Structure formats: C-alpha cells, structure tokens
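Trainee: Protein chains in written order, with the working numbering: chain P, 1 to 332; chain F, 1 to 332.
Hints are computed from structural coordinates only; laboratory data are not their basis.
Certain hints may be false.
[What the hints assert, rightly or not] Stretch by stretch, here's where chain F covers chain P in the computed footprint (C-beta under 8 Å, at least three residues): (1) 29-37; (2) 48-62; (3) 65-71; (4) 75-85; (5) 177-184; (6) 203-213.
[To be verified] Some but not every residue of chain P turned toward chain F, in silico, with C-beta under 8 Å: (7) Gly91; (8) Arg197; (9) Glu236; (10) Pro241; (11) Asp244; (12) Val267; (13) Pro273.
Note that the coordinates shown come from a computational prediction; the quantities given were computed from them, not determined experimentally.
Glycine is no exception: its CB is placed at the ideal position from the N, C-alpha and C atoms.
2 protein chains.
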Amino acid sequence: MAASTVSYVLSGKRSISPETRDRVQEAVRVLGYRPNASARALASNRSNVLALVIPLRAGMHVPVLMQFATAVVTTARRYDHDVLLLTADEGRSGLERVSQSALVDALVVMDVELHDERVPLLRELPMPSVLIGVPADTEGLTCIDLDFFAAAEQCVDHLTDLGHHSIALLGTPSAVYARQTGFAHRTLAGFQAAAERRGVMGIETPCEPTFDAVLGTVGELLEAHPGITGLVVQNEPIIGPLLDVLRRLGRRVPEDMSLMAICADDVAERQVPQLSSVTLPADEIGQQAVEALIAKLEGHRTSAGVTLVPARLTARASTCAAPEAHSERTTA
Amino acid sequence: MAASTVSYVLSGKRSISPETRDRVQEAVRVLGYRPNASARALASNRSNVLALVIPLRAGMHVPVLMQFATAVVTTARRYDHDVLLLTADEGRSGLERVSQSALVDALVVMDVELHDERVPLLRELPMPSVLIGVPADTEGLTCIDLDFFAAAEQCVDHLTDLGHHSIALLGTPSAVYARQTGFAHRTLAGFQAAAERRGVMGIETPCEPTFDAVLGTVGELLEAHPGITGLVVQNEPIIGPLLDVLRRLGRRVPEDMSLMAICADDVAERQVPQLSSVTLPADEIGQQAVEALIAKLEGHRTSAGVTLVPARLTARASTCAAPEAHSERTTA
DNA sequence: CGTGGCGGTCGAAGCGCTTCGACCTTGTCC
DNA sequence: GGACAAGGTCGAAGCGCTTCGACCGCCACG
Numbered sequence: 001m002a003a004s005t006v007s008y009v010l011s012g013k014r015s016i017s018p019e020t021r022d023r024v025q026e027a028v029r030v031l032g033y034r035p036n037a038s039a040r041a042l043a044s045n046r047s048n049v050l051a052l053v054i055p056l057r058a059g060m061h062v063p064v065l066m067q068f069a070t071a072v073v074t075t076a077r078r079y080d081h082d083v084l085l086l087t088a089d090e091g092r093s094g095l096e097r098v099s100q101s102a103l104v105d106a107l108v109v110m111d112v113e114l115h116d117e118r119v120p121l122l123r124e125l126p127m128p129s130v131l132i133g134v135p136a137d138t139e140g141l142t143c144i145d146l147d148f149f150a151a152a153e154q155c156v157d158h159l160t161d162l163g164h165h166s167i168a169l170l171g172t173p174s175a176v177y178a179r180q181t182g183f184a185h186r187t188l189a190g191f192q193a194a195a196e197r198r199g200v201m202g203i204e205t206p207c208e209p210t211f212d213a214v215l216g217t218v219g220e221l222l223e224a225h226p227g228i229t230g231l232v233v234q235n236e237p238i239i240g241p242l243l244d245v246l247r248r249l250g251r252r253v254p255e256d257m258s259l260m261a262i263c264a265d266d267v268a269e270r271q272v273p274q275l276s277s278v279t280l281p282a283d284e285i286g287q288q289a290v291e292a293l294i295a296k297l298e299g300h301r302t303s304a305g306v307t308l309v310p311a312r313l314t315a316r317a318s319t320c321a322a323p324e325a326h327s328e329r330t331t332a
Numbered sequence: 001m002a003a004s005t006v007s008y009v010l011s012g013k014r015s016i017s018p019e020t021r022d023r024v025q026e027a028v029r030v031l032g033y034r035p036n037a038s039a040r041a042l043a044s045n046r047s048n049v050l051a052l053v054i055p056l057r058a059g060m061h062v063p064v065l066m067q068f069a070t071a072v073v074t075t076a077r078r079y080d081h082d083v084l085l086l087t088a089d090e091g092r093s094g095l096e097r098v099s100q101s102a103l104v105d106a107l108v109v110m111d112v113e114l115h116d117e118r119v120p121l122l123r124e125l126p127m128p129s130v131l132i133g134v135p136a137d138t139e140g141l142t143c144i145d146l147d148f149f150a151a152a153e154q155c156v157d158h159l160t161d162l163g164h165h166s167i168a169l170l171g172t173p174s175a176v177y178a179r180q181t182g183f184a185h186r187t188l189a190g191f192q193a194a195a196e197r198r199g200v201m202g203i204e205t206p207c208e209p210t211f212d213a214v215l216g217t218v219g220e221l222l223e224a225h226p227g228i229t230g231l232v233v234q235n236e237p238i239i240g241p242l243l244d245v246l247r248r249l250g251r252r253v254p255e256d257m258s259l260m261a262i263c264a265d266d267v268a269e270r271q272v273p274q275l276s277s278v279t280l281p282a283d284e285i286g287q288q289a290v291e292a293l294i295a296k297l298e299g300h301r302t303s304a305g306v307t308l309v310p311a312r313l314t315a316r317a318s319t320c321a322a323p324e325a326h327s328e329r330t331t332a
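Model the full structure from these sequences, guided by the hints.
Mentor: Here it is in structure tokens:
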C-alpha cells in the first residue's frame, strides 16, 4: 500500500477501488492517523486556513463583530478550513505577513472603511480575499454586506407610511463616522435620500454608547426638534439606555415615539416593547463571505464585485401611526 | 551563500559574522523574502501558532471574552506566534484535530467548567496547554484566572466594613451555574465563606441579562429581604439595567443601596455613579496565559499548577456606609 | 486470440525550510 | 612555526505529505 494511495483515498482526487478505500479508512480509524498539516500545506500549496481580520476599533459593538466571527469560523469549518485570528491593527503588516508566508490561503476582512488603507494592499496580494463591508472603490474586490442604504430607506419609508414626517437617525458613535466606516455612511446616505424622496424632515446625529450620552443627545435632539415622532437607531449598545431615556423624558414607545432599529433580530425581540427593525443578518453575511472565498479558492471565476444582502424589515411593537394621524383618526 | 546560513541568520541559532548577517538581512529586505510557514513548520516541527478555544456558551458575556481573546492575540504576536480561533463546540474533536495534525503548537482554553469534558483530553494531548479558568481537578494542568474567591470575599469585607449586614450576590445567569463554570462557582463560594466569617446575611441569586429579568429578580429579592443594603454583582450586562431598576424601585445608589461589581475597570468607571469594583484584568490574564504557554514551549520546567491573579478592590462612588450606621452617626 | 483503453495502484520527485555534522579559515598558544 | 580551538559557513539529509507519470492487469472489442 503506497502512501500515495492513502493520499488519494483521503483527498478523493483519484478513483480508488472500494476494497482499497475501505481498507485504508479502517487503518486510518484504527491507528488514529491524522495527516500533518504542515506537510500537507507544503506539498499541496494549500494551508486550509483562512485569516479573519477584526480590527477592534473604537465604537464598534463587540457582540456583533463576534457574531460575524462565529459565522465565519463555523462556515469555514464546514468547508474544512480553519481560521486564524488577526486583530489589533497589525493591519497592513499582518496581512502581508500571513499571506506572504503562505500561513493562510485567503482573507476575510471586517470593519472596512470607505478609504481603507488595507484595500490597495488586498488588490496586490496574490491571494483571494473577501471584505465584509464596502469601501468607496470596489474595483477588483469582492465585498459582501447588508444593504444599509436600503435598510435606512426602508426604515424611513415605514415611518413615513405611518404618518411620521419628522424623524431622526440616531447613529453610531462619531468615531465611526469620523473614520468613514462604510456601513455607517451608507445608512446615513440612505436615510437622507429617503427623507428627501418622501419629503419628510430627517435629522441625523451620532451617539456615544453611554447612558449619559444618550440622555444628552436625545434630550438636545428633542429640544431642538420637538416635532420628532420617529427614531431610527443604528447603534446596538444604546438601545437599552434609549428606551430608558425616552421613558424618563415621558415619551411612550410607540404612542409618542416610534422607534426602529437596524440590528440583529434577537436584539430587537429582547426589548420591551419589541422593536420594529431591519435585521442585521451577521450569520448569513459571514457565511456568504466564506462561501465566496471558497469559491474563489476553487478557481470558480464567479461573482467578484459587491453582494448586498437585501434589507428585511419586520414591524413589531415599537412603531405605530404618528400621534397627529392618530388623534385625527380618533377625533374623526 | 548557503540557504542554511540564511536560516541561521533569521533564527539566530548559530553565530554569524556581522558582515554576513548584514548582507543576508539586506538581501531579505530588498527581495521582500518571507519564509514559507508550512516549510518552516514541517522542518522545525513548530508551527508558531497557538489555538484559542472560545466556546460561545449561553450566558457568557461576549465583550469580556473578546477582551481575553485580544490580549491573547496581542501577546502571542509579541512572541512571534499567531492564533487559530476555535469556537462553536468543536470542543473535544476540534482540540484533537488541531493538535494531532500539528496545526498548532499549544492551546489556550477559555470558559472552563468545574468538570470540563475537555480537561481529560488536555492531559493526554502531546502538547502544552493553558486554561483561563480553573476546573475542579487541576492535576497536571496549568491554569490561570482571577482569584474569584478572594474577589467575592473582598466585596463582602468592604460592604461589611461599611456596616452592611445583609447583602446579596447578583450572579451570572443560571445557565452558567448549571454547567458549573469555574469562576461563577468560586465567586459564590467566596461570597458564602466571607458572609459566614463576618457573620452577615448573604443571599445569592442568579440573574438573566434582560431588563425584565433584572427587574423581576431584584424586585423579588428586595421583597423577600427588605433589609438588604449591599449588592455584589458578577454579571456585566445587567449592570446598566440594574442601576435603572434600583432607580425605579426608589433605591438610591449608594445612599440606600451600596453596589459592588466584579468587572473590568473601564466598565465600572463608565457607570453613573462609578462603581466600586474588584477588577477583572482580562488583559493581564490573557497575557500571562500566553507567557506561560511560551515558557512551556521553550521547555522551561516552570510553574505548572494554578496561578490566581490577586483580587484588587477599588472603592468608588457606589458604596457608602450602611443606612443604619449612617443614621446612627447623624443622630449621635 | 490479439490489441487498445481504462481504472486502479505505485514509486519517485519534490514542496521550502531546518539542522546536523563536516569543513575551512583565522587566531592563539606553546 | 606548528598544532589546536573556536568561530563561521556550507552541503546534504530529511520533515510528511501531494502529485505526476508510469505501470499493471482487466475487459471489450475487432
């Protein structure tokens, strides 16, 4: 029994007679044989490892990042790959290191800025990569993300349909805008476009993730624009505090203030009242990212370019008809 | 110039003349040469990769886990290692896979239960490992964790010193106790021991991380034991809601209710009022874990066994003398 | 019955490094 | 001045796999 035969049994790259295959598999089982990953990688020029780049930047909400990461790892395992974790602004040099040393076969890059310094590098590297997020110039890149523009539009449309004509976007911390993070910008653009299209007043403000900041931001917002009756939130950690702040300010949700969130469904459903939301399907996005990478690795000349996961809105208990509309109806 | 010479320059395992060294380094720089990781691993029997096992179990607070993970990655990089991410209860089989295939050199295992099924496996694996957390039987293991027993004791002592004699531990979600997670159990034990030693009444209750659960749990707690004036919280995500609940229940912090947390310092300082706390130094623990692993890899016959990071209490604005003591003092 | 083709197996040649022992040079000491 | 040691460098032998081309025996067809 030649070593090569065993190799072919394990990889399935050549046809093997059933008897031989069984004999090999039995022996593998009995001996508890595991191919040496380095030898395999050296000979085959494939490490079966993906790099996952998570820059832990200020203002990013960790549980969401972790949800992406988990989806990436889980999916990678399904395609027989492992995941190397890159963080902490090793940034460019980290990418160069792991790719040029052939430690990994491909890269998943998260938390992408509009003008991300890593993007030019990704174009040069002799290695497939997928971005979770969309930079300004997507030439030659494969990107996947939620369609945040549409997400914001749908929120505005939903509120406008309910009769609200003065609504605000309570966005991410300002640091996230400052560094021009893609998803925050696209949400903002969608919000503005939809507000204009529908002819409603749209105010935007960033918001830091502390109780006091929420209290201050929302307080000022409602003082400056008392007519606001609809809120769109893209900022998971402030959701809890926000509900408290509104309560404290005497605004009932949804009677006095309709509230929409762009967040994971379980987060929306965990609140009281349950929030109408556009879902952020981290699982789905992480999975698709890995699948796109695997396809690239297998040489499928498929779908480069940007894949935007369609926004899906679920109306729950935190939105209702605008107060004016409501009172009109009751007085009618 | 022999390849071996280059290898010796890069590894420093043999002395090289300064001229040769410079010449090699210059060439490496100019050519942008990077050693192939697989070839290196195959020849040297060292992959320079550590596995980090993060089972994302119910009730674990993700940001804290991520803080550990970041510390591990950062420290690993300082020792020229990378980190492979293992999650999603690949559990035992994942450990076997990466170690037997020599994908990694060593293992960091987080979120350890008292009777963790992975522990026997770790003893058998031909590969060093470090646990972040402490199981019941530590024979042959290297563990590192905060001294949660002492942490709880210090909280009780601090409150008792302030004159509180009826205090409660608001613990982790019950799922965490149910699976006998080490840190939760040791905190509980420390709390009970200290309460007994100091002769104060100590009540414990788990708490789920939702606003309603906090409201319910704390409501029932204070109804059943109205005399409680001190609270110890080991459950990061409920800290925000808890402050709101206490406000809603008309208990001022710290005047009516002293509050201690076991959590990261930045979390304690971000609250209003800032919380007296025993710090959970995830950075330090993650770093020490990696350093212990590296030491093992280098064959230092050092410190097996359990390393408990001493608990450090910082008094901030959320604790003060017990109401009775206070009134006694003011009436005196 | 002879021949061509094909499915199945094998041997050997690397993959790109590390490491060992050998070798050469130079300096040092008697 | 010669022998020896130490310091530097080199060549070759692997590390454990994958993969290529060759080979062998079998069946089907002419």
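Trainee: Hints first: check each against the structure and report whether it holds.
Mentor: Outcome of the hint check:
no.	hint	verdict
1	29-37	holds (count 5)
2	48-62	holds (count 4)
3	65-71	holds (count 4)
4	75-85	holds (count 5)
5	177-184	violated (count 0)
6	203-213	holds (count 3)
7	Gly91	12 Å, violated
8	Arg197	36 Å, violated
9	Glu236	11 Å, violated
10	Pro241	7 Å, holds
11	Asp244	5 Å, holds
12	Val267	11 Å, violated
13	Pro273	12 Å, violated
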